[in-house]
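With these hints in hand, go ahead and build the complete structure from the sequences.
Here is what each chain is made of, one letter per residue.
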Amino acid sequence: DQQVKQNSPSLSVQEGRISILNCDYTNSMFDYFLWYKKYPAEGPTFLISISSIKDKNEDGRFTVFLNKSAKHLSLHIVPSQPGDSAVYFCAASRHGSEKLVFGKGMKLTVNP
Amino acid sequence: DAGVIQSPRHEVTEMGQEVTLRCKPISGHDYLFWYRQTMMRGLELLIYFNNNVPIDDSGMPEDRFSAKMPNASFSTLKIQPSEPRDSAVYFCASGHRVGGNQPQHFGDGTRLSIL
Chain A
33 DQQVKQNSPS LSVQEGRISI LNCDYTNSMF DYFLWYKKYP AEGPTFLISI
83 SSIKDKNEDG RFTVFLNKSA KHLSLHIVPS QPGDSAVYFC AASRHGSEKL
133 VFGKGMKLTV NP
Chain B
-10 DAGVIQSPRH EVTEMGQEVT LRCKPISGHD YLFWYRQTMM RGLELLIYFN
40 NNVPIDDSGM PEDRFSAKMP NASFSTLKIQ PSEPRDSAVY FCASGHRVGG
90 NQPQHFGDGT RLSIL
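Protein sequences, first through last, are from chains A and B.
Under my numbering, the first residue of the first sequence carries the number 33, and numbering increases by one thereafter.
Under my numbering, the first residue of the second sequence carries the number -10, and numbering increases by one thereafter.
You can trust all of the hints, since none of them are fake.
With a cut-off of at most 25 angstroms between alpha-carbon atoms, the simulated BS3-like pairs for lysine-lysine come out as follows: (1) B/LYS67 to A/LYS131; (2) B/LYS57 to A/LYS131; (3) B/LYS13 to A/LYS131; (4) A/LYS88 to A/LYS131; (5) B/LYS67 to B/LYS13; (6) A/LYS139 to A/LYS88; (7) A/LYS131 to A/LYS86.
Note that these hints are calculated values from the structure, not bench results.
Shown next, in the form of structure tokens:
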């Protein structure tokens, strides 16, 4: 039972354009959400997070939007750069739990 | 600061052999996590420790898997006997309590191949 779903396995965009990565979750008890980026042969690295008390969090070119009623979050990257090409994982956790539940990841390719 | 250090980076061994994966967490972190990544199941949590004590091992697939954390700076994940279906990338991560600005920090993983 996949509690965190990244339904699109890949996305390809042109440099300078917006990249939108989507994530859906089924567990309404999740209240903290994170995005990780992973390059080949490296471990995932933390990118940005959002608490369920917010609907938006921005950090430079990266913005995460949370729609609690739809149990949906998205990561926007503007403008996209070739160095953003990586696999992006969405993750979620419940209040009081240290366990992160990850999606299967989405491969983003930004073409020069 | 040094990040999470895992060894070996690659391991190839024959079915039935014992495999030991090692992890050195970031100094000062009180949580340590072991994950496994496969194409089919993605990134799944196997077990995690708090202050060297195993808290939740519900993700450990079978009794062939065991994990220990003898002190705050070292942990092992052991598979005995190993099987081809254990082939995966195993990640160790460390951190403080989830939430706020303290996410988990991952090592670069051990790519395990069981022949």
